Amino acid sequence: MKKYLKLFGIAFAIGIAMLIIKLIFKIDDKVMLKYYWIIGGIVLAVILIINTIYFFYKTNELKHSMKLFEEMKYKDFVNELEPKISKIKNKHIQAVMKMNLGAGYLELNEPNKTLSTYETIEADQLKNQDLQLIYWLNTMIAHFKLNEQNKFNELYKMHENLLQQFENSPNYGENIKQLYIMKNIFDDDFVSARKNLNDLKTKSTNPRFKKEYNRLENIIKQHEK
-1 MKKYLKLFGI
9 AFAIGIAMLI
19 IKLIFKIDDK
29 VMLKYYWIIG
39 GIVLAVILII
49 NTIYFFYKTN
59 ELKHSMKLFE
69 EMKYKDFVNE
79 LEPKISKIKN
89 KHIQAVMKMN
99 LGAGYLELNE
109 PNKTLSTYET
119 IEADQLKNQD
129 LQLIYWLNTM
139 IAHFKLNEQN
149 KFNELYKMHE
159 NLLQQFENSP
169 NYGENIKQLY
179 IMKNIFDDDF
189 VSARKNLNDL
199 KTKSTNPRFK
209 KEYNRLENII
219 KQHEK
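Just so you know, the numbering used here puts 19 at position 21 of the sequence shown, and the rest follows in order with no gaps.
Please note that a few of the clues may not be correct.
[Claimed, not checked] Have a look at the derived ranges for each label pair, beta carbon to beta carbon:
1. N196 to T118: 34 to 42 Å
2. K208 to E158: 23 to 31 Å
3. F207 to E80: 18 to 26 Å
[Claimed, not checked] Derived SDA-like pairs: lysine to any residue, alpha-carbon spacing no greater than 25 Å straight-line:
4. K73 to K143
5. K71 to N216
6. K155 to L124
7. K143 to K87
8. K143 to L161
9. K111 to N212
10. K65 to N107
11. K71 to W134
12. K155 to N145
13. K143 to Y170
14. K125 to K149
15. K71 to Q92
16. K155 to S167
17. K181 to P205
18. K209 to K219
19. K125 to K73
20. K87 to N107
21. K181 to E158
22. K199 to E210
23. K85 to D122
24. K87 to H62
25. K149 to L113
26. K199 to D187
27. K181 to E117
28. K149 to E105
29. K175 to V189
30. K143 to E80
31. K193 to E172
32. K181 to Q220
33. K199 to F188
Just so you know, the hints here were simulated from the structure itself, not pulled from any lab data.
Bear in mind the structure is a predicted one, so any value in this text is a computation, not a measurement.
The C-beta atom is built at its ideal place from N, Cα and C for all residues, glycine as well.
Take these sequences, add in the hints, and give me the full structure.
Quick look at the structure:
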């Protein structure tokens, strides 16, 4: 909505400026209207080009940060991303950066920071289903790490259908199945937790998850004695 208001404001300003020029130089209405559309079109085209260049520039910056995440340099990733977010004007890019920053905090075992970061994401930036999944998946993991069973179960029940839609996804499937193990643990179903963890570890090819599997392993072992 704000974007359209800005465009309307620019069009209005051009119109006022050209009206003043018309009155001063007594230019014919038809000629003035023709130039209004030409100048207005050029201005809007320039704005669109600048916005597109800005979008790709910031997206490439984010790709550089994500490389640190993939290399498991989580502290460097967080330190690089934190100061950039407040400087981003594009709401969508800002939401994606906050989403990734929250994931970085989880890897550093700082779930409170994940939750506080996600609370600042505007609801209208979560229309994309992939973003919804990442948001709620990481939020539930944060509550698990904080041992907030009631909140975890409440959110799990609310978003179970969303999780099931993506559970076989090559991008999110392994994360979701980790969450299922967390649910097993909160349900005191350590037989299922053990089985699901063993299955997941056997199939896993992502070294980034090794630390998380060790952590889940330790929790399960404590209850198998």
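Looking at the structure, which of the earlier hints fail to hold?
7, 19 and 20
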